[in-house]
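K.L.:
Each chain, written out:
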Amino acid sequence: MEAREIVFDFLEGYDVLAAFWVTVKLTLFSAIGSLVWGTLLAGMRVSPVPLMRGFGTFYVNTVRNIPLTVIIVFSSLGLADVFGMTLGASDDFDALSFRLSILGLSAYTAAFVCEALRSGINTVPMGQAEAARALGLSFTQVLRMIVLPQAFRAVIVPLANVLIALTKNTTVAAAIGVGEAALLMKEMIENEAATVLIAFIFALGFVVLTLPMGLILGWLGKRLAVKR
Amino acid sequence: MTEVAVAKNSTASTSDLVVLKSVNKHFGALHVLQDIELTITRGEVVVVIGPSGSGKSTLCRTINRLETIDSGEITIDGKPLPQEGRELARLRADVGMVFQSFNLFAHKTVLENVTLGQLKVRKADKKQAEEKARALLDRVGVGTQADKYPAQLSGGQQQRVAIARALAMDPKVMLFDEPTSALDPEMINEVLEVMQQLAQEGMTMVVVTHEMGFARSAANRVVFMADGRIVEEATPDQFFSNPRSDRAKDFLSKILHH
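So the sequence lines, in the order shown, correspond to chains A and B.
Every number in the numbering used here is 5 more than the matching position in the first sequence, counting from 1.
Every number in the numbering used here is 45 more than the matching position in the second sequence, counting from 1.
Chain B on its own, in the form it takes in the complex (with noise of 0.2 Å):
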């Protein structure tokens, strides 16, 4: 394990494994990205908050491409996104993504959602793909859900093993967009457990959240975004005892004080 990701570093020209370079995106009239600058480095936790609106959640979709961009470059490990086709399936096999509504494949039972990639995109062999799918969900706390569907399963367990589909394909860096908000209060936590236990592995994640209590625990850098800027960047100890924009504080303000 330590061999492989010392190899991998070794390849690597730079710590920058996920860069941004004056991205810009409208939906119509909306600009919904503005100048876009951000560069994420190997094994570190950013993460995204800002008000609904923002652009935090198409910022994090446009790293792997489920958004495009009409303008900047946004490159991965070096290598800048490709267009549509087998480059950008490859490219997005590496990025790994969980989503607010965690999209499990609803016909196939959690094993398989965890074993899809592995065999169709990384070619596994399905007894090997199969141990580490089983592997993997123990690590997230579902190992004994393995053979159910995910209706059958309540909203934390499903993300969770939405956290492991994506794991499953050993990704170089984490997208998580908003893993927690439509979750029922009392779910939360196990999700976020979960994320706290990768974070503190050395994944490189990048989280779009509203938990604020997570920001603060487990990133080592606050994106704050608002109206399709980013806004300030900063230390969570920075960012929440003394933000300098009066956005943030404006924001800050109205989440922090109840």
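Chain A on its own, in the form it takes in the complex (with noise of 0.2 Å):
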């Protein structure tokens, strides 16, 4: 007891695990909000119309060639401070910061979702979609009964990479102040000396949430392919 509280003290005052909590929090629902948007735009990217082809096309490589960074301050600098955008949280600045964060963090990893699903989308062969549209199925009938399903089977695994990475980019909502673990980090860096270990700590933390999710991505890709 007497070594461990030694080696550990730097520990004390500080809360890891409500840090890590943070992190957890912002990656689920940034990854709700990628997912759902990145599927709408893989469906523009296929869809017949040019307008909604065009717009699809143009966020993906706007968004996508941005630096993270660039995307979270510019909601909170640009979304928030100039266009006086407050998403429900006028007075809380730390729910503001919270939430543009999630909406940045979905907003740039939805381009890289829609990128994997619409390679997903090139393996369905296209007799499947032909013969869903010969029964008399609308274009979006057949995306969402026909085509997505199998484009989602199929590209399980790089979306477990898109979430991986998502997971360390919530790191940057530190930038405008969110509480999760980087932020965490760097206050512990600066106020204690056992750097190394701090560093050691955070590193494992992510690992710790990050490798489940390859590992049961990868098997559930694996049980879940479409056999042709």
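Watch out, some of these pointers could steer you wrong.
BS3-like cross-link-like pairs, simulated, lysine-lysine; straight-line CA separation at most 27 Å [claimed, not checked]:
| id | chain 1 | residue 1 | chain 2 | residue 2 |
| --- | --- | --- | --- | --- |
| 1 | A | Lys232 | B | Lys193 |
| 2 | B | Lys171 | A | Lys227 |
| 3 | B | Lys153 | A | Lys232 |
| 4 | B | Lys153 | A | Lys227 |
| 5 | B | Lys217 | B | Lys171 |
Hint data in this document are derived by calculation from the structure and do not stem from the laboratory.
Both chains are sitting in their own frames, so use the hints and assemble them into the complex.
P.N.:
So this is what it looks like as structure tokens:
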């Protein structure tokens, strides 16, 4: 007990678990947001309407080429400060930063979800959509019931990569003051001497979050693969 | 059943079900359909034959607008083929299609394949759709496979499921685009028998095929295509025993004598 207290006394006064909980929440909400928005974008990119295709292409090529930090800072300085967007949290600065981060992370990650999904759509043979159209299903029905379900199963593993990247990307939210893991790490490194140990603990925390994601989704990808 | 058929017949102004008028289509520089004139009447079985690349599959696919046409007019049951959109989807629901590569929905069971169109397009009740699907699957001889996935079935079984899937929509006309070309020889007959039976029951059918035996026995009319044109139209007897055009004679001499 004595030794443990001496080695880990730098943890005193810091709530590492609470910080990681914020990381988990950022990841979860952004994952949902980017999955929904990314799927819509993928639908636009394969749509027969030129305007939608054009928008989808423009969005993906713009957003994925802008550094995430710039996007997150823009959502804080641009959306919130200049355009006065409050996202229903006008007085609560912490809640506002948290929500803006989710918005920025979702907008950014959606571009990658879209492209992963689009490569999945390309694995679905043309005949599947043709047969569905021949039955009288509309474009959105074909996409929703036939093409996307098969495309998703084909890209579970690449989507796991996107999700892992997203989990680590949540650290960028520290730039606008969201109290997640990276912000706490920065604070602790400034105040404590055991910098290497601190970095190690946070690195371990992220591995604990992301390693199961990769393993579980990898297994699921194999299990759900469409047999042809 | 007969009452419905009678009602349909009495509302239609003519017995012509599918009419193609001076239809033209290009694939780049290739003029794949050249001034196609073709009328298919109710209950007729038209078999389209011809050498590879003669445009017969393309012709078949234009009838439900899986291929667009450059000029000309196609009408189905008196109505011109609509542009993309809801109207087109509604029309496609009335035109059954069977593909060379089966194209069963790989992520759905056999039963789900046959109920999907009924549920989502015809808005049928789930229980009724399943009953109808099982009856159709029994009819094509794959009733016991209802809960399997397409990949677990043989090619012949998959193609029969595909026929059941198309029939579930109560189509006015069935299009078959080389339905046996991807099958192992021993599975061809099981599919042809189902088609044969359909023809006898009075289904209007357009069949693109290389199966001359089927053309002989089931067709009311044989349409011979070459180089994007309809070269000859005749009854099977006339066509096979006494083809008029040199192109058809040449084609038949190549396929029938070995």
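K.L.:
For Lys171 of chain B and Lys227 of chain A, compute the direct alpha-carbon distance and say whether it is at most 27 Å.
P.N.:
31 Å, violated
K.L.:
CA of Lys153 of chain B to CA of Lys227 of chain A, is that 27 Å or under?
P.N.:
At roughly 17 Å apart (the allowed maximum being 27 Å), Lys227 of chain A and Lys153 of chain B satisfy the hint.
K.L.:
Under the criterion that the straight-line Cα-Cα distance not exceed 27 Å, is the pair Lys232 of chain A, Lys193 of chain B satisfied?
P.N.:
Cα-Cα ~12 Å, so holds.
K.L.:
If you draw a straight line from the CA of Lys217 of chain B to the CA of Lys171 of chain B, is it 27 Å or shorter?
P.N.:
23 Å, holds
K.L.:
Given the proposed pairing of Lys153 of chain B with Lys232 of chain A, does the C-alpha separation stay at or below 27 Å?
P.N.:
Status holds; Cα separation ~11 Å.
In this structure, only the earlier hint numbered 2 is contradicted, and the remaining ones agree with it.
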